[in-house]
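Go ahead and model the full structure; you've got the sequences and the hints to work with.
Line by line, the protein sequences are chains G and Z.
The working numbering applies: residue 1 is where the first sequence begins, and numbers increase by one.
The working numbering applies: residue 1 is where the second sequence begins, and numbers increase by one.
Bear in mind the hints are in silico, worked out from the structure with no lab data behind them.
It is possible that part of the hints are untrue.
[Claimed, not checked] Below 25 Å or equal to it, Euclidean Cα-Cα: the simulated DMTMM-like pairs (lysine to aspartate or glutamate) are:
#: 1; chain 1: G; residue 1: Lys-127; chain 2: G; residue 2: Glu-329
#: 2; chain 1: G; residue 1: Lys-255; chain 2: Z; residue 2: Glu-278
#: 3; chain 1: Z; residue 1: Lys-224; chain 2: G; residue 2: Glu-176
#: 4; chain 1: Z; residue 1: Lys-218; chain 2: Z; residue 2: Asp-604
#: 5; chain 1: G; residue 1: Lys-163; chain 2: Z; residue 2: Asp-221
#: 6; chain 1: G; residue 1: Lys-177; chain 2: Z; residue 2: Glu-606
#: 7; chain 1: G; residue 1: Lys-377; chain 2: G; residue 2: Asp-256
#: 8; chain 1: G; residue 1: Lys-163; chain 2: Z; residue 2: Glu-460
#: 9; chain 1: G; residue 1: Lys-163; chain 2: Z; residue 2: Asp-585
#: 10; chain 1: G; residue 1: Lys-374; chain 2: G; residue 2: Asp-253
#: 11; chain 1: G; residue 1: Lys-177; chain 2: Z; residue 2: Asp-604
#: 12; chain 1: G; residue 1: Lys-242; chain 2: Z; residue 2: Glu-278
#: 13; chain 1: G; residue 1: Lys-177; chain 2: Z; residue 2: Asp-607
#: 14; chain 1: Z; residue 1: Lys-539; chain 2: Z; residue 2: Asp-459
#: 15; chain 1: Z; residue 1: Lys-452; chain 2: Z; residue 2: Glu-551
#: 16; chain 1: G; residue 1: Lys-249; chain 2: G; residue 2: Glu-375
#: 17; chain 1: G; residue 1: Lys-165; chain 2: Z; residue 2: Asp-607
#: 18; chain 1: G; residue 1: Lys-86; chain 2: Z; residue 2: Glu-460
#: 19; chain 1: G; residue 1: Lys-274; chain 2: G; residue 2: Glu-329
#: 20; chain 1: G; residue 1: Lys-86; chain 2: Z; residue 2: Asp-607
#: 21; chain 1: G; residue 1: Lys-86; chain 2: Z; residue 2: Asp-459
#: 22; chain 1: G; residue 1: Lys-249; chain 2: Z; residue 2: Glu-278
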Amino acid sequence: MAFKKLINNKILSLFSVLMLSGTSMVMAADATTAAAPGSDSAPSVWPGVSYYVLLFLVVCFAVGIIGKILQVYDLTLKLQRKKGIKWNNIMGALCLAFLIVGLAGVYWSFSVQGSMILPEAASLHGKTIDSMFWTTFGITVVVFIGTQILLFSFAFVYRSSDKRKAYYLPHNNTIEKIWTVAPAIVLTVLVIFGFFTWRSITNTVDAKGEPASINIDLTGHQFAWEVRYPGKDGKLGMKNYKLVSGSNKVGVDFKDRNSLDDLNADTIVLPVNKSVRLNIIAQDVIHSVYMPNFRLQMNAVPGLPTFFKFTPTITTADMRNRLDKTDFEYHLYCNKICGGSHYNMQKIVRVVTEAEYQDWLSHQKPYLNDALRKELKMADATQPQQSGVQNRLAFNN
Amino acid sequence: MSTLAVHDHHGVEHHDQDHGHHHKESFISKYVFSMDHKMIAKQFLITGIIMAVIAMLLSILFRIQLAYPDKAFPFLETILGRFAPGGRLDPNFYLSLVTIHGTIMVFFVLTAGLSGTFSNLLIPFQIGARDMASPFMNMVSYWMFFTASVIMLASFFVQKGPAGGGWTIYPPLSALPKAMPGSAEGMTLWLISMVLFVASQLMGGINYVSTVLNMRTKGMDLWKMPLTIWAFFLTAILGILAFPVLVAGVVLLVFDRSFGTSFYLSEIVVQGQVMNFEGGSPILFQHLFWFLGHPEVYIVIMPAMGISSEIMSVNSRKPIFGYHAMVYSLIGITVLSFIVWGHHMFVTGMNPFLGGVFMITTLIIAVPSAVKTFNWLATLWRGNIRFTPAMLFAIGLVSFFISGGITGIFLGNAALDINLHDTYFVVAHFHLVMGSAAICGMLAGVYHWFPKMFGRMMDEKLGYLHFWLTFIGAYLVFFPMHFMGLDGVPRRYYAFTEIESLKQWLSVNTFITWAAIMSALAQVAFLFNFFYSIFFGKKATQNPWNSTTLEWTTPVERIHGNWPGEIPTVYRWPYDYSKPGAEEDFILQTTPYSQTMTSNLPHDFEDNPIGLGQYNDWLKTQPVKEEVK
Chain G
1 MAFKKLINNK ILSLFSVLML SGTSMVMAAD ATTAAAPGSD SAPSVWPGVS YYVLLFLVVC
61 FAVGIIGKIL QVYDLTLKLQ RKKGIKWNNI MGALCLAFLI VGLAGVYWSF SVQGSMILPE
121 AASLHGKTID SMFWTTFGIT VVVFIGTQIL LFSFAFVYRS SDKRKAYYLP HNNTIEKIWT
181 VAPAIVLTVL VIFGFFTWRS ITNTVDAKGE PASINIDLTG HQFAWEVRYP GKDGKLGMKN
241 YKLVSGSNKV GVDFKDRNSL DDLNADTIVL PVNKSVRLNI IAQDVIHSVY MPNFRLQMNA
301 VPGLPTFFKF TPTITTADMR NRLDKTDFEY HLYCNKICGG SHYNMQKIVR VVTEAEYQDW
361 LSHQKPYLND ALRKELKMAD ATQPQQSGVQ NRLAFNN
Chain Z
1 MSTLAVHDHH GVEHHDQDHG HHHKESFISK YVFSMDHKMI AKQFLITGII MAVIAMLLSI
61 LFRIQLAYPD KAFPFLETIL GRFAPGGRLD PNFYLSLVTI HGTIMVFFVL TAGLSGTFSN
121 LLIPFQIGAR DMASPFMNMV SYWMFFTASV IMLASFFVQK GPAGGGWTIY PPLSALPKAM
181 PGSAEGMTLW LISMVLFVAS QLMGGINYVS TVLNMRTKGM DLWKMPLTIW AFFLTAILGI
241 LAFPVLVAGV VLLVFDRSFG TSFYLSEIVV QGQVMNFEGG SPILFQHLFW FLGHPEVYIV
301 IMPAMGISSE IMSVNSRKPI FGYHAMVYSL IGITVLSFIV WGHHMFVTGM NPFLGGVFMI
361 TTLIIAVPSA VKTFNWLATL WRGNIRFTPA MLFAIGLVSF FISGGITGIF LGNAALDINL
421 HDTYFVVAHF HLVMGSAAIC GMLAGVYHWF PKMFGRMMDE KLGYLHFWLT FIGAYLVFFP
481 MHFMGLDGVP RRYYAFTEIE SLKQWLSVNT FITWAAIMSA LAQVAFLFNF FYSIFFGKKA
541 TQNPWNSTTL EWTTPVERIH GNWPGEIPTV YRWPYDYSKP GAEEDFILQT TPYSQTMTSN
601 LPHDFEDNPI GLGQYNDWLK TQPVKEEVK
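Set out below in structure tokens:
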């Protein structure tokens, strides 16, 4: 049917013009960046706003003209004592077309973009999260596809017709009970599994007989993470935010003897298959420790210490082999809006073998470096002279 | 005020005369400080549309940044000045754009624009009242909203730009002016604007509830109210109970910002400077915020659901399936929505056990939502569907609600939320389930009740074009975002080029931006259609959609007091479409059963023994009919 084509053309042409303008814009921008890579002062040129405004006006005119043509066509049909354009049927057909194209698009999206998502979980609890995810995915995708098919096929099949009358069906208690109880059962199952998974992940007490987790201290501030490892004693020293200074970035309290051998690190290096407990806090605003590959996230909140216990299971080298990406790295992102450079508050996380870990650890510098020692006049530090609130460390010690 | 008495007097005594003759209204009292619910509805709608356009343009600005993070666009500097030096958005201004986009869309468009418009328009119309319970308060409500809008937009003109801490304005970021430019004067304006906004919502809400409870016409018992009214009524209750908590949270934040208290602040060192705050809790704010914030998403979606239920029933020419179930599920959602707020806070440091409890309540709320969806599908089944633009948008709502609702099952699961929290998966989820779905509901309402607002019809063809471009565009924008979220792409990131593993999404971002631009341009079709039709649209008839509800018994001229004569009495529920035995495929709510003997069913007389007796007597005189039944 001719008018059907027209409709399609209208939308298609609009779409193609938009796409065309998009690509031309990209190409124009590309061309300029390619032309002037050396001169950093020259800004990349852009076709200009007026060009696109004009383009859009042209499209508007086209839509208007097509609209008029359709109107005239409709009138001529009516003059010939026929019914006008059957918009209702067209819309019904478009619903069906949307359903088919949409499902194809969903399939395409699942297969193409779906293959770009995170690789397998690199932590023990991550595997349970993943299996939970795929179970939920299976159930919901069936419901999603099923209900969308019903919705749009009903729209198409039951489009209005003079020959039919709608079926007067105010309610049907049986079927309503079924579709109240069915989702309730499915959700109960998901809730139960989810609840126990969640409890097992957040249960942070080391089990009896289990070797103690490695404690790592993570402090977020605008816009970086500070990492502190315990020294040989395996214990992190206490902190006090009032002790924070240029050289004592996280405010370690050196009156606590455990802090004397603490190590300062600039990457997070973790031994594989060892339980790790991240002790998380923020200094200024809320940040969030997000390591998607380990399925790990916990906010860093000023004044409220939080933690996350997990066991990495795949080394970075191993993951590189599996993904066939030589430059793959695990990352820690900040995932709570924290200011202008929020998007660039990242840290590399490396999972290594136990031997590599020990080797790395032995090369880390102590948190208590010479500058800090000098500042604290370390000889006196062992015999505290005053107690009470100490705002200015350098003077009081 | 004796407004009501005056109205009644008019209605009864002068029903054949021109009302304008008696009410010599000045321009100011008719169009500006109007106390007429229809005019206030239009004021809300047009303000809402303007705010929506602004928020949409903001989103296009930051979408350009996301698609082309490394390119300079000189025109951005032309229009934004210092916020886009060298034609590239400033990172802090990017966050401000995101913040104000979210705030305007959630509060000013989908709360005030949606509830404000349709509650005001439809509550008196559909329950048979001459106006709101308190027209004066209604007027104040609009003007407070208007002031709040102006203040919110004014924040673009302060030195350091508008609020930038995200629409959830979590302290300490929002509490420390030093932490980012967006936490300076812009945040103060944000807070003032929101306090006014909440005051406006409360006045509106109290009005809606009291009108629905007290001013229903004769015969209009609660179970004869259309689902729109049920939805507006329950939404208003939600708003009245939840919004004051936001004010409490906001006022404490103002204290922390300006008077040195530590409600939300503790142990803070900002830019190397140790602050004096002690003992506060940033989590407290999150509790207060989400205690409103979660009911808020239902405040947004429930009116849209009510509108769509009504429109789908009218245009399927079929009663809404399971009217009682629809009402009970609305009530269920209303009640449950107060005890699910913690699911926004699974990984914020809240006690994990509490997280487990919130997860259970959250997944329970999916049940009434599922029931509603199935009931909509059953309403379409074996209908006789008339595709008006309103109907298409109502179908669009159902589609978006399914697509977005289903991902809620992932996010409501605390274990899965660990990895999805604050990623693009969340962005995709709520933009579909409350953004796109609620906007669809709102647009459906505009197309459907346009004749009741302006006495003219909107152009259907442009409506079709508008629908398909918007609907397809929204899916193209938000569907790919799920996969970004599953790849662990955090939201509110200014540029993905800094991080190697996120670079793969750049092409997808470019695609999303162009889809967003396409759907934004499609709104021009709507805006043109809307404003053109106000003045030049085809004149509407009294009941253009052959609908059963009361508003279509009012004259096209939209007089003050709504009905020229007595307010009609209601005899039946609002969904008698295509009833077997009836002459037409709809029976007005004002038609008594005595006039529709051929179509009456025993079910119609469930709580009316006298009527049932008469009906049985009548049946005895019609032996043939009885056999058929």
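For each hint, the structure was consulted:
{"no.": "1", "hint": "Lys-127/G - Glu-329/G", "verdict": "holds (19 Å)"}
{"no.": "2", "hint": "Lys-255/G - Glu-278/Z", "verdict": "holds (22 Å)"}
{"no.": "3", "hint": "Lys-224/Z - Glu-176/G", "verdict": "holds (20 Å)"}
{"no.": "4", "hint": "Lys-218/Z - Asp-604/Z", "verdict": "holds (18 Å)"}
{"no.": "5", "hint": "Lys-163/G - Asp-221/Z", "verdict": "violated (36 Å)"}
{"no.": "6", "hint": "Lys-177/G - Glu-606/Z", "verdict": "holds (21 Å)"}
{"no.": "7", "hint": "Lys-377/G - Asp-256/G", "verdict": "holds (16 Å)"}
{"no.": "8", "hint": "Lys-163/G - Glu-460/Z", "verdict": "holds (23 Å)"}
{"no.": "9", "hint": "Lys-163/G - Asp-585/Z", "verdict": "holds (13 Å)"}
{"no.": "10", "hint": "Lys-374/G - Asp-253/G", "verdict": "holds (15 Å)"}
{"no.": "11", "hint": "Lys-177/G - Asp-604/Z", "verdict": "holds (22 Å)"}
{"no.": "12", "hint": "Lys-242/G - Glu-278/Z", "verdict": "holds (11 Å)"}
{"no.": "13", "hint": "Lys-177/G - Asp-607/Z", "verdict": "holds (23 Å)"}
{"no.": "14", "hint": "Lys-539/Z - Asp-459/Z", "verdict": "holds (11 Å)"}
{"no.": "15", "hint": "Lys-452/Z - Glu-551/Z", "verdict": "holds (8 Å)"}
{"no.": "16", "hint": "Lys-249/G - Glu-375/G", "verdict": "holds (13 Å)"}
{"no.": "17", "hint": "Lys-165/G - Asp-607/Z", "verdict": "violated (29 Å)"}
{"no.": "18", "hint": "Lys-86/G - Glu-460/Z", "verdict": "holds (13 Å)"}
{"no.": "19", "hint": "Lys-274/G - Glu-329/G", "verdict": "holds (19 Å)"}
{"no.": "20", "hint": "Lys-86/G - Asp-607/Z", "verdict": "violated (44 Å)"}
{"no.": "21", "hint": "Lys-86/G - Asp-459/Z", "verdict": "holds (16 Å)"}
{"no.": "22", "hint": "Lys-249/G - Glu-278/Z", "verdict": "holds (20 Å)"}
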